[in-house]
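Chains A and B supply the protein sequences, listed in that same order.
The working numbering numbers the first residue of the first sequence as 107 and each following residue consecutively.
The working numbering numbers the first residue of the second sequence as 1075 and each following residue consecutively.
Errors might be hidden in some of the hints.
Said to hold, decoys possible - Derived coverage of chain B by chain A (criterion: at least 3 residues anywhere in the stretch with Cβ under 8 Å from a Cβ of chain A; other residues may be distant):
1. 1142 to 1154
2. 1187 to 1197
3. 1209 to 1222
4. 1226 to 1239
5. 1285 to 1296
6. 1300 to 1309
Claimed, not checked - Sample of chain A residues lacking proximity to chain B, with all beta carbon distances greater than 12 Å (derived):
7. N163
8. A175
9. G176
10. R180
11. A211
12. L264
To be verified - To give an idea of the interface, some chain A residues facing chain B are shown, with a C-beta separation under 8 Å as derived from the structure:
13. F133
14. V139
15. V263
Bear in mind the hints are in silico, worked out from the structure with no lab data behind them.
All C-beta atoms in this analysis are idealised placements derived from N, C-alpha and C, irrespective of residue type, glycine included.
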Amino acid sequence: MKVQMLVMSRSRWNMLLAATLLVGSLFIAATRVRPEATVALASPRPAVVTTPAPQENHPAPDFTLLDLAGVPVRLSDLRGQVVLVNVWATWCPPCRAEMPMIQAAYAQYRTQGFTVLAVNLREDAPTVARYMEQNRLTFPALLDRDGAVGDHYQARVLPSSFFIDKAGVVRAVYRGPMARSMITGTVEQLLAEEP
Amino acid sequence: MYPLVRIGPFNLSSGGLLLLLAIIIGSTLMERAARRRGGATLTDQASRVTLPAVIGAVIGGRLWYGLLNWDLYGTNPQLFLALRLVDLAWPGALLGGVLGGWLWCRLRRFDTAAIADAAALGLLPTQAIACIGLLLSGEAFGIPTTLPWGVALFGATRHPTQIYLVLAALLSFAALHLLGRRPAPAGTLFAAYLLLQGLMLLLLEPLRADSLLLPYGVRAAQVAGLGLVLVALVWLRAHVVSAEAPGEQTGGRLSESGV
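Please construct the entire structure, taking both the sequences and the accompanying hints into account.
Okay, here's the thing in structure tokens:
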């Protein structure tokens, strides 16, 4: 039995193919992810408010948390470095999605004075250690077992990211997932500033 | 979001459980479709293709994810072998699954086209269930939107991409069922499946906020989607499109296996 489902000549079909290729390619180009607008932090540094708060241009609220080896890490000890405080959890998909980008920025800028404190919210050390190991993440992960630092930083949204400059001032706050260019753009600007 | 299910001392990921359930239901449906369309022989063949196809899908899904996260995976190739359900990507899983299934069919001289048709009917319900899992875990989250049906997730009102994916799978399933009632050469249903999957990747991917990117910000899944659409159209041209138009007989291959 001969089947004739689509009565259309081959040349017409070829035109359909070409049109699909053209329109599809244009659609892909039109919906591509454009680089974010270049990160422009207020510069030169504005007059700084003195009350610590997890907001731009406030001194970063200090905290001390244990890392995975049980060693206390204090934020204010990192004065002089550019610090990304990233509040996250292993069960949070957008946190996981941005981890490779944070790792890439850490590997690239670590020697220039950039570090990351990955503040894990309310999970236990084995869970976090396993995740860091499986994903080959080498920056320090800190355990916020009771969520106190998360509360203090008003991290209602996971992930929440706070970029702290060499003087210990919060300079950029991103709630929700970050794009790669946001991380590198912010870090590069803060590293370029005089200590 | 209910990413974890607590059963006694175990924390099981709801997405993983649903995926497992989806694969069981999907392979059952595939075998039923095979029985309906080709009897016991085809059922037997179909059931023996499932495992190679799933293995191909796992390899393809992880390769796709790893190659597009190259700055991490390139320096840590062990990650390619990590036993985790997340960090698989659907376009890679689809391509890998098709490749795995096809190679096995060729090797065993199975009825590739008929098995592919049955697989298409089983795959879509699998995807619909698996995408409900995405909704529970918050995976594949969308870009921010002001549309009234946006859902609050991760600090913004976002497109419910997971629901779009479920609907796309259900609509595609309905379309394939309608198409399946008409006589067509073996393989047509699968070609239609690839066409619909390609359209889904092409059209829904721009609403996702976690796309894996090629250079210039091009979303990799869309390129795969367009490729699938074109492959399906080329296959349909060779097997289904009428070569009857005057003067176009030359080189025209008539469909060999009418149902």
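Evaluation of the provided hints:
Under a criterion of three residues with beta carbons nearer than 8 Å to beta carbons of chain A, the stated coverage of the segment 1142 to 1154 of chain B is upheld, 7 such residues being counted. Given as covered by chain A, the segment 1187 to 1197 of chain B fails the check, having 0 residues with a CB less than 8 Å from a CB of that chain where 3 are the minimum. Counting residues of the segment 1209 to 1222 of chain B whose CB lies closer than 8 Å to any CB of chain A gives 5, so the stated coverage by that chain holds, three being the minimum. Coverage of the segment 1226 to 1239 of chain B by chain A holds [criterion: at least 3 residues with CB-CB distance below 8 Å; count 3].
Counting residues of the segment 1285 to 1296 of chain B whose beta carbon lies closer than 8 Å to any beta carbon of chain A gives 7, which reaches the threshold of three, so the coverage claim holds. Coverage of the segment 1300 to 1309 of chain B by chain A holds. Counting CB-CB distances below 8 Å, 5 residues qualify, and the rule asks for three or more. For N163(A), the non-interface assignment is confirmed: its Cβ lies about 21 Å from the closest Cβ of chain B, beyond the 12 Å cut-off. The non-interface label for A175(A) is consistent with chain B: the shortest C-beta to C-beta separation is roughly 21 Å, beyond 12 Å.
G176(A), annotated as away from the interface, keeps every beta carbon of chain B farther than 12 Å; the closest lies near 23 Å. Distance check for R180(A) against chain B: the nearest CB is about 28 Å away, which clears 12 Å, and the non-interface claim stands. Here A211(A) does not stay apart from chain B, with its beta-carbon only about 10 Å from theirs, under the 12 Å limit. Not every Cβ of chain B is farther than 12 Å from the Cβ of L264(A); the closest lies at roughly 7 Å, contradicting the non-interface assignment.
For F133(A), the suggested interface contact is upheld, since its CB lies about 7 Å from the closest CB of chain B, less than 8 Å. With a cut of 8 Å, the hint placing V139(A) at the interface with chain B holds, because the nearest CB-to-CB distance is about 4 Å. Because the beta carbon of V263(A) sits about 3 Å from the nearest beta carbon in chain B, less than 8 Å, this interface hint is met.
The structure fails to meet hints 2, 11, 12 from the earlier list, while all remaining hints are met.
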